[in-house]
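Engineer: Below, each chain spelled out in residue letters.
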Amino acid sequence: MKDRTKYFAYPYVLWMIIFIALPSFLVLLYSITTKESNGLTTIQFTLENYKKFFDPLYLNILWDSIYLAAISTVICLLIGYPAAFIISNTNLSKRNTLLFLCIMPMWMNMLLRTYAWMTILGNNGILNNLFSLIGLPKLNMLYTKGATIMGMVYNFLPFMILPIYTALSKMDKALLEAADDLGADKKTVFIKVILPLSMPGVISGIIMVFMPAVSTFIIPQLLGGNKNMMIGNLVEKLFILNGDWNFGSAISIVMMVIILISMSIMNKFDVDKEGGARLW
Amino acid sequence: MDNAIIQLNNITKKFDGEIVLDDITLSVKENEFVTLLGPSGCGKTTTLRIIGGFESPDEGEVYFDGKLINDVPPFKRQLNTVFQKYALFPHLNVFENIAFGLRIKKMDEHTITKKVEKMLELFNLKNYGKRRINQLSGGQQQRIAIARALVNEPKVLLLDEPLGALDLKLRKEMQHELKEMQQQLGITFIYVTHDQEEALTMSDTIVVMNDGIIQQMGTPIDIYNEPENAFVADFIGESNILDGIMHDDYLVEFLGKKFKCVDYGFGRGEEVDVVIRPEDLDLTPPGEGKLIGVVKSVIFKGVHYEMDIEANGFEFLVHSTDMAPVGATVGLTFTPDDIHIMEKGE
Amino acid sequence: MVKKYLSKIYMGIIFIFLYAPIVVLAVFSFNESKSRGHWTGFTLKWYVDLFHDRDIRLAFYYTISIAIISAIISTIIGTIAAIGINSMKGKAKSLILNVNYLPVVNPDIVTGISLMILYIAFNMDFGFNTMLISHIVFNIPYVILCILPKLKQLDVHMTEAAMDLGATPMYALRKVIIPEIKPGIVTGFLMAFTLSIDDFIISYFTKGEGVTNLSIVIYSMARRGVRPTINALSTIMLSVVLILMILINKRTNGMEKAKKLKEKR
Numbered sequence: 018m019k020d021r022t023k024y025f026a027y028p029y030v031l032w033m034i035i036f037i038a039l040p041s042f043l044v045l046l047y048s049i050t051t052k053e054s055n056g057l058t059t060i061q062f063t064l065e066n067y068k069k070f071f072d073p074l075y076l077n078i079l080w081d082s083i084y085l086a087a088i089s090t091v092i093c094l095l096i097g098y099p100a101a102f103i104i105s106n107t108n109l110s111k112r113n114t115l116l117f118l119c120i121m122p123m124w125m126n127m128l129l130r131t132y133a134w135m136t137i138l139g140n141n142g143i144l145n146n147l148f149s150l151i152g153l154p155k156l157n158m159l160y161t162k163g164a165t166i167m168g169m170v171y172n173f174l175p176f177m178i179l180p181i182y183t184a185l186s187k188m189d190k191a192l193l194e195a196a197d198d199l200g201a202d203k204k205t206v207f208i209k210v211i212l213p214l215s216m217p218g219v220i221s222g223i224i225m226v227f228m229p230a231v232s233t234f235i236i237p238q239l240l241g242g243n244k245n246m247m248i249g250n251l252v253e254k255l256f257i258l259n260g261d262w263n264f265g266s267a268i269s270i271v272m273m274v275i276i277l278i279s280m281s282i283m284n285k286f287d288v289d290k291e292g293g294a295r296l297w
Numbered sequence: 046m047d048n049a050i051i052q053l054n055n056i057t058k059k060f061d062g063e064i065v066l067d068d069i070t071l072s073v074k075e076n077e078f079v080t081l082l083g084p085s086g087c088g089k090t091t092t093l094r095i096i097g098g099f100e101s102p103d104e105g106e107v108y109f110d111g112k113l114i115n116d117v118p119p120f121k122r123q124l125n126t127v128f129q130k131y132a133l134f135p136h137l138n139v140f141e142n143i144a145f146g147l148r149i150k151k152m153d154e155h156t157i158t159k160k161v162e163k164m165l166e167l168f169n170l171k172n173y174g175k176r177r178i179n180q181l182s183g184g185q186q187q188r189i190a191i192a193r194a195l196v197n198e199p200k201v202l203l204l205d206e207p208l209g210a211l212d213l214k215l216r217k218e219m220q221h222e223l224k225e226m227q228q229q230l231g232i233t234f235i236y237v238t239h240d241q242e243e244a245l246t247m248s249d250t251i252v253v254m255n256d257g258i259i260q261q262m263g264t265p266i267d268i269y270n271e272p273e274n275a276f277v278a279d280f281i282g283e284s285n286i287l288d289g290i291m292h293d294d295y296l297v298e299f300l301g302k303k304f305k306c307v308d309y310g311f312g313r314g315e316e317v318d319v320v321i322r323p324e325d326l327d328l329t330p331p332g333e334g335k336l337i338g339v340v341k342s343v344i345f346k347g348v349h350y351e352m353d354i355e356a357n358g359f360e361f362l363v364h365s366t367d368m369a370p371v372g373a374t375v376g377l378t379f380t381p382d383d384i385h386i387m388e389k390g391e
Numbered sequence: 055m056v057k058k059y060l061s062k063i064y065m066g067i068i069f070i071f072l073y074a075p076i077v078v079l080a081v082f083s084f085n086e087s088k089s090r091g092h093w094t095g096f097t098l099k100w101y102v103d104l105f106h107d108r109d110i111r112l113a114f115y116y117t118i119s120i121a122i123i124s125a126i127i128s129t130i131i132g133t134i135a136a137i138g139i140n141s142m143k144g145k146a147k148s149l150i151l152n153v154n155y156l157p158v159v160n161p162d163i164v165t166g167i168s169l170m171i172l173y174i175a176f177n178m179d180f181g182f183n184t185m186l187i188s189h190i191v192f193n194i195p196y197v198i199l200c201i202l203p204k205l206k207q208l209d210v211h212m213t214e215a216a217m218d219l220g221a222t223p224m225y226a227l228r229k230v231i232i233p234e235i236k237p238g239i240v241t242g243f244l245m246a247f248t249l250s251i252d253d254f255i256i257s258y259f260t261k262g263e264g265v266t267n268l269s270i271v272i273y274s275m276a277r278r279g280v281r282p283t284i285n286a287l288s289t290i291m292l293s294v295v296l297i298l299m300i301l302i303n304k305r306t307n308g309m310e311k312a313k314k315l316k317e318k319r
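Order-wise, the sequence lines are chains A, B and C.
With this note's numbering applied, the first sequence covers 18 to 297.
With this note's numbering applied, the second sequence covers 46 to 391.
With this note's numbering applied, the third sequence covers 55 to 319.
For the record, the hints were derived by calculation from the structure and aren't laboratory data.
Treat the hints with care, as some may be off.
[Stated by the list, open to error] Each computed BS3-like pair below joins lysine-lysine, with the alpha-carbon atoms no more than 25 Å apart: (1) C:K57 to A:K285; (2) B:K346 to B:K302; (3) C:K88 to A:K111; (4) B:K163 to B:K224; (5) A:K204 to C:K57; (6) B:K214 to B:K303; (7) C:K58 to A:K285; (8) B:K130 to B:K163; (9) C:K229 to A:K23; (10) C:K58 to A:K190; (11) A:K187 to C:K229; (12) A:K23 to C:K57; (13) B:K303 to B:K335; (14) B:K130 to B:K224; (15) B:K151 to B:K200; (16) B:K151 to C:K229.
[Claimed, not checked] Covered, in the sense of this in silico footprint (three residues per stretch, anywhere, with C-beta under 8 Å from a C-beta of chain C), are these stretches of chain A: (17) 39 to 45; (18) 248 to 254.
Computed from a predicted model, the values in this text were never measured in an experiment.
For each residue, glycine too, the CB sits at the ideal point set by N, CA and C.
Isolated chain A, as found in the complex (with noise of 0.2 Å):
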């Protein structure tokens, strides 16, 4: 029976080849391809697509990418891991709605979250009102790098809570018992046992956090202004706008690795493989 089973998965597989697998070709193909490439027969393959990206401007941009989605994530870490630990030490009735306030936000459309953050950050938003009413000088909030940080915590921080919520759930709470009986005081019960058995957690948050903060492009695009250009913003660009295509390609190849790469790192450390799904 199983084994005639398996063939419900064909129809699927060819469906992968030419949504999943041949995409992902062309743009590989469109990276290492000249712009004059049209068709089979004038097809010319270069590097110059990936040469280019070592310029200072574009480098800088990626530097920036990485820098921004690290201190996201970071800050995510340092809000998130509290909350996880609160929300896992409250009682069961409770723990439920905590953990239903927590994703609810994430059911709104992204969208319409960051758009919410204009309002308030705006020259004259909400803050800058509330600013005015007692007195102290308007800021320029909207627009900059910390608004675009601000903007991915924001959208980010429950990828962080869930996760780490998770570990710590799991954690067996005899372990802590057994701690406390060998005679360890509350802050090293933390430091040498908590804390190293909810690191898987703590890892699968950074990466869920930092992956979809590097590639973001609506919020350095709405919160961020023109002048804070992130490297998701730059491959719209070149497709939208400048219509460099092979150019734009070889960015997202750019960006697949550094993907790629993060996602083999929290393989090594997620012990359920299952972890991608129960997010939900």
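With chain A fixed as given, assemble chains B and C onto it according to the hints.
Structural biologist: Same frame as chain A, but now just chains B and C:
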């Protein structure tokens, strides 16, 4: 065999190149209670799955009621299986689980209700029809798994360690119930277990398997009293197994002494395994025994004492109602009947 | 005791951070003035505007129809594929799983442009069909990921037990396997539906002339500047999601409570 309901001829099965069944030939008579007994990995479950149709043999033939059924899929075979962890359908209630096979046969609602009710009654589960599977105890789930199979009135019932998940007391109860049921209904049972006691209690015929080979086939009494090799002797009950040399028919030497025995037909000077059951060894005063030993340990087991007694460099396991304290020197005695000689295994 | 209050305050701040923008959005959808920072009085005119806005109505129609159709199709393909993948072994299985993972781990923007390139290579007209196909492409992997764990949990002997009782493989699939993995299928469907409704980036690269969705409309409006109709729209969308979520939650909670009661008896 003329009245064999199941006949396996020279069955061989490999998984990933590894032989799990090696040339198995076996026949099961109608209304027989046959137990496939052996340690895990011996091939007993694979044999059962081949009969059930869930695996197909690489070589050999499977006959059911005289017809070759090698290529008949499981859903067309007239036999039913009770699975190890029951494999009850959690989305269906008790009634619907039992009715599953009947519905496939497109029986009318009235007949289905009648048959299922009868089964529920037979298994003391009368008011449980509407219950969900996960609301039942292990013992109840067990009964439903058997009821679900029996309601289809199969000619042969296959049972794969059906009592494995139950606690000891429940096991004992179910063993008797199953045996009684088999006799009442007159259905052939093929039963897989690794528990030798279970096999001895319930079976008409025991098939002892190891390493994909049938080691011995016979009635429980034959298997216990006349094990054909050291593996069977050791697996069925506890045994003292010693190295010995046959000097002549009816004369064997072990532990440096010659003893009379009842076995013959071995070559002169042939190396053999000598098996003596712990309960066949008796304690005597030191001077009167065939061997002299020192008691190393004593454990009280309720019905008897279990003692380790070292004699001539061999530590004998002895079950006896007599007791000697640790450190005492005692004699050990046994009759020629108690010595079982078998060819050396590889 | 102090610690308890501290953690309550901490969680309070986090939830203020998470919900402040949402509340702001909702409140200002009733604001008289176009300004985003000042409260000038209560009005419902942005909601009225919303229903007269042809762009938004059309985008709403496309968003919902694409979400429903893509969720149904990807649930069907995904369920069949998951059953097939589950009974595969070894290298073929892990290769398929890895390729299946690609749209999940790939940045959306890369998935978006690669599909765009594919449609151009095939000379397809951009519009409803390209957007629908794209949504199915990124939905199926999630459906499969929802169903596979359920299949794995399934007792390996379940199908065998059904066949043993006389069920053909197809009957076993319909009456045993599908009912057993139904929770996974439902989750997969809901997830596909919400992912589709929420998607911006992939739709952005595969949309066509006159065919957009709500996310794209919001994006272009947000860039053009002040339009409180967006606030109205988002308030409605949020309320719908909130009501749905509470209903789903109540249903599952209710079911759990009923179960507990039964167990007590």
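Engineer: The structure should be examined with respect to each hint, and the outcome stated for every one.
Structural biologist: Each hint, compared with the structure:
1. Of the supplied pair hints, the one linking K57 (chain C) and K285 (chain A) is violated, its CA atoms being roughly 36 Å apart against a limit of 25 Å.
2. The suggested pairing of K346 (chain B) with K302 (chain B) is violated, with an alpha-carbon distance near 31 Å, which exceeds 25 Å.
3. The straight-line distance between the Cα atoms of K88 (chain C) and K111 (chain A) is roughly 40 Å, outside the 25 Å bound, and the hint therefore fails.
4. Note on K163 (chain B) and K224 (chain B): the hinted pairing holds, with a Cα-Cα distance of about 19 Å set against a maximum of 25 Å.
5. Pair hint K204 (chain A) plus K57 (chain C) holds up; C-alpha atoms about 14 Å apart against a cutoff of 25 Å.
6. The suggested pairing of K214 (chain B) with K303 (chain B) is violated, with an alpha-carbon distance near 45 Å, which exceeds 25 Å.
7. Between the alpha carbons of K58 (chain C) and K285 (chain A) the distance comes to roughly 36 Å, so the proposed pair goes past 25 Å and is violated.
8. Taking the CA atoms of K130 (chain B) and K163 (chain B), the gap is about 24 Å. The hint holds against a cut of 25 Å.
9. Note on K229 (chain C) and K23 (chain A): the hinted pairing holds, with a Cα-Cα distance of about 19 Å set against a maximum of 25 Å.
10. Note on K58 (chain C) and K190 (chain A): the hinted pairing holds, with a Cα-Cα distance of about 19 Å set against a maximum of 25 Å.
11. For a cut-off of 25 Å, the pair hint linking K187 (chain A) to K229 (chain C) is broken: about 34 Å separates their Cα positions.
12. About 55 Å separates the Cα atoms of K23 (chain A) and K57 (chain C), which puts this hinted pair outside 25 Å; it is violated.
13. The hinted pair formed by K303 (chain B) and K335 (chain B) meets the criterion: a straight-line CA distance of about 10 Å does not exceed 25 Å.
14. Straight-line distance between C-alpha atoms of K130 (chain B) and K224 (chain B) comes to about 20 Å, which keeps the hinted pair within the 25 Å bound.
15. For the given pair, K151 (chain B) sits about 20 Å from K200 (chain B) by alpha-carbon distance, which is consistent with the 25 Å threshold.
16. Pair hint K151 (chain B) plus K229 (chain C) holds up; C-alpha atoms about 14 Å apart against a cutoff of 25 Å.
17. Proximity of the region 39 to 45 of chain A to chain C, defined as three or more residues with a beta carbon under 8 Å from a beta carbon of that chain, is established by the 5 residues found.
18. Counting residues of the region 248 to 254 of chain A whose C-beta lies closer than 8 Å to any C-beta of chain C gives 3; at least three are required, and the coverage claim holds.
Violation of the numbered hints given earlier is confined to hints 1, 2, 3, 6, 7, 11, 12; the remaining hints are satisfied by the structure.
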